[in-house]
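K.L.:
Chain by chain, the residues run as shown.
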Amino acid sequence: MAVDITDQNFINGLIEQERRAQRPRGRWLVVPILVLTIAYLTPFYYLFVTIFKTSAEYAQKGVLELPASLAPFADNVVQAWTIAHLGQAGLNSLSYAVIGGAIAVAFAAAAAFGMTRLNLIGANGWFMLIFTGTLFPFQMYLVPLLFGYQRLGLINSWLGMLLVYVAICIPFPLLVLRNSFSGITREVDEAARIEGASEWRVFISMIVPNAKGPLIALFLLQFTFIWNDLLFSSILANGIEVRSIMVALQSLQGTYSTIGPNVVITATLISSIPTVLLFVVLRKYFMAGLQLGNK
Amino acid sequence: MITTASASLSPEVLKDARRRERRVAWRQTRVAWLFIAPAVFMVSAFLLMPVVFNIILSFTKWQKFTGLDKFAGFANYARLFNVPYFSEALSNTAIWVVGAMVLPLAFGLGLALLLRNMPLQETFKSLFFLPKVLAPTAVGAIWYYVYAPHGVLNSAVAGLTGQPFDVGWLYSAQTVTPSVIFTFVWQTVGITMVLLLLGLAAIPRDPIEAARVDGASGWQIFRHIIWPLLLPTVLVVTILNVAAGFTTFDLLWVMAGDYPGKRTLSLAVYMYYESFSNGAWAYGSAVAVVLGAMVIAVTAALAVLQSRVEKNIR
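Those sequence lines, one after another, are chains H and Y. This note's numbering numbers the first residue of the first sequence as 1 and each following residue consecutively. This note's numbering numbers the first residue of the second sequence as 296 and each following residue consecutively.
Don't read these hints as lab results, they were simulated from the structure. Just so you know, these numbers come straight off a predicted model, no measurement behind them. Mixed in with the good hints there might be a few duds.
[As the list claims (entries may be wrong)] EDC-like, lysine to aspartate or glutamate: derived pairs with alpha carbons at most 20 Å apart:
(1) Lys212/H to Glu199/H
(2) Lys61/H to Asp75/H
(3) Lys212/H to Glu187/H
(4) Lys427/Y to Glu417/Y
(5) Lys61/H to Asp461/Y
(6) Lys284/H to Glu417/Y
Given these sequences and hints, build the entire structure.
P.N.:
Shown next as C-alpha cells:
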C-alpha cells in the first residue's frame, strides 16, 4: 500500500492511534486493587498497632485502634523474650538454619559434582535414589524418626535436630545444582586436570565459583525452611535448651496460654526478623531461587 | 577417539588403550563415590529408611506404651474405614486440595495480569511476596487473633456495618476450614503471582500485538494466546499448591488449636494427632502411608501432564 508520509491527516491519524494505545485501559481497576491491597495489608497493620499496646489496653480498646503510646513495646519485647526464652530458641534456630543449611547445600553440591563432572558409573541411579527424598510428605518420616531417635539417644538433642535438617535439605538443592553444574563447559575442568589438579581442587576452585548465584539462592531457601519449621522440631526436640524458635512461639500462643495477644504478636514479630531481613537485603537471590525450581 | 586411529594400530595396543581408559573410568568412579557419599548416606539414613520403616510399622500393632511389633496385617488400614474421624479428615483434605489448587491460582493470575503493565510492579511484587517469607507458625498466630471473637475481622465488619458482629470463625465446623484456607491463600497468592509473572514475561509480545491489531478482544487474546503459553507455568504452580494442600500442618495446628474436633481438620493433622497426642504410632503410620500414596499419585499425574504440555508447546 502506498502511503504519502507528507499527508498531515495520515500523520495525525497515526498520532491519535498511538495515543489511544498508550492510554491506560481500565482505569476503574484502581479502586478494587486498592481495596484488595488494604484488606491484604490489614494483618500487618494489626501487628504494628498491637505491639505498642499493653495487655490492659488491648482488652479495652478496639483491636484496630491506634495505641496510646509507643512505650509498651519495650515491655512486650522483654516479656516475650523471658517467658518464651526467645534468646535461647533464636540462637538454636539460627545455628540449625545456618549450619544445617550450609552443610546440606555443600553435600548437595559435592554430590552434584560427582554425578555430572566425573564419570560416575550409574550416576542416574544414584540421583534417583536421592531425588526420591522429595516425593514423600514429611508425615511419613515422623514416627520412625521419633522411634529411631529415642533408641539412638538423639531425641531432644542439638545434633539430632541438625542431622534431620541436613538430610531434608539435600534433595532439592541437588536437583537444581545437577542442572547448573552440567551447564558449565567441560573444558573448564579438563584444563585444570591436565595441569594436575585433584578432583577436589577442580570442585572447589573451578565449579563452585561458577555456580555462586544458585548456591546462595539455595542456601537462602534452606535457611528459611529450617528457621520456619515447626513440625520436626515440635516432635524431636521440645526441651527448652534445644527447641526451635517456632516451638517457642507456639508455646506462647497455645490454647491454655494466659499471655496477652500483645506479647504473642510481639514474639511473632521477633521470630520473623531474620527471614524478613534476609528477604529485604537479598531479594534478588530469593527471586532467583524461585526460578530455580522451575527448570 | 581410539576408533579413528584403529586401522593402523595392532590389536594389542588397542586392547591396552581400552584397558587404560576403563581404569581411568573406574578411578573417577571411585573418587565420585567419595563426593556423593555424604548426601547418599544422609538421605538414605534419615529419609528413605524412615519411609520403609513407616510402611512396615503401619502393618503392626505398635503403640507408644504397649510397645512392640506384633504383626497386625491390614488391621490399621481396616480401622481407617471404620472410624468416622478418618473419613471426615479425608473430606476436609479434599476441600483443602481443591481450595489450594484453585484459589491462589485464580487470585494470583488475576493479580499477575493486572500488575503486568503497571508502574510500581516491583513494589507490589515484594509486598505480596512478603507473607511467604514469614513462618506459617507466625502467620497462624497473627490470623488466630484476626479470627478471634473480638478480633480484627469481626471488629472490621462491625465497624463497617454499624451492627455488632461476633462469629467464632475458628470454633465451628462450617467456618474453620474455609477460614484457615483463606489464610493459606493470603500467604500463597504472592508467590503464585510472582511465578506467573515470570511465565507471562516469557510470552512473546508479537502475537498478542498482532491479535490486537486484528481486533481480538482481551478475553480472546487471553484464551487463545496467553493461556496456552502460560499453561506449563500454571501446572508447575498447581503441583506446588496441591502438595501444600495435602500436607499443610503448621497453619491448622496453630490456628485451630481450640477447635474441639481439630483431629479431623485434615489427614496431616489427623496423623499428627493420632501419633503424638494419642501415642497410636502404628495407626498414625498407616494414615501417613495413605496420605503419601495420595500425594505421590496426584503429583505424578500432574507432572506427566506438565511434561506433555511442555512438549506440545515446543
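K.L.:
All hints, please: hold or fail.
P.N.:
Checked hints:
Straight-line distance between C-alpha atoms of Lys212/H and Glu199/H comes to about 19 Å, which keeps the hinted pair within the 20 Å bound. Between Lys61/H and Asp75/H the alpha-carbon distance is near 19 Å, which keeps this suggested pair within the 20 Å criterion. At roughly 19 Å between alpha-carbon atoms, Lys212/H and Glu187/H fall within 20 Å of each other, so this suggested pair holds. For the suggested pair Lys427/Y and Glu417/Y, the alpha carbons sit about 16 Å apart, so the restraint of at most 20 Å is met.
This hinted pair checks out: Lys61/H and Asp461/Y have alpha carbons roughly 16 Å apart, not beyond 20 Å. For the hint pairing Lys284/H with Glu417/Y, the CA-to-CA distance comes to about 11 Å; that is within 20 Å, so the pair holds.
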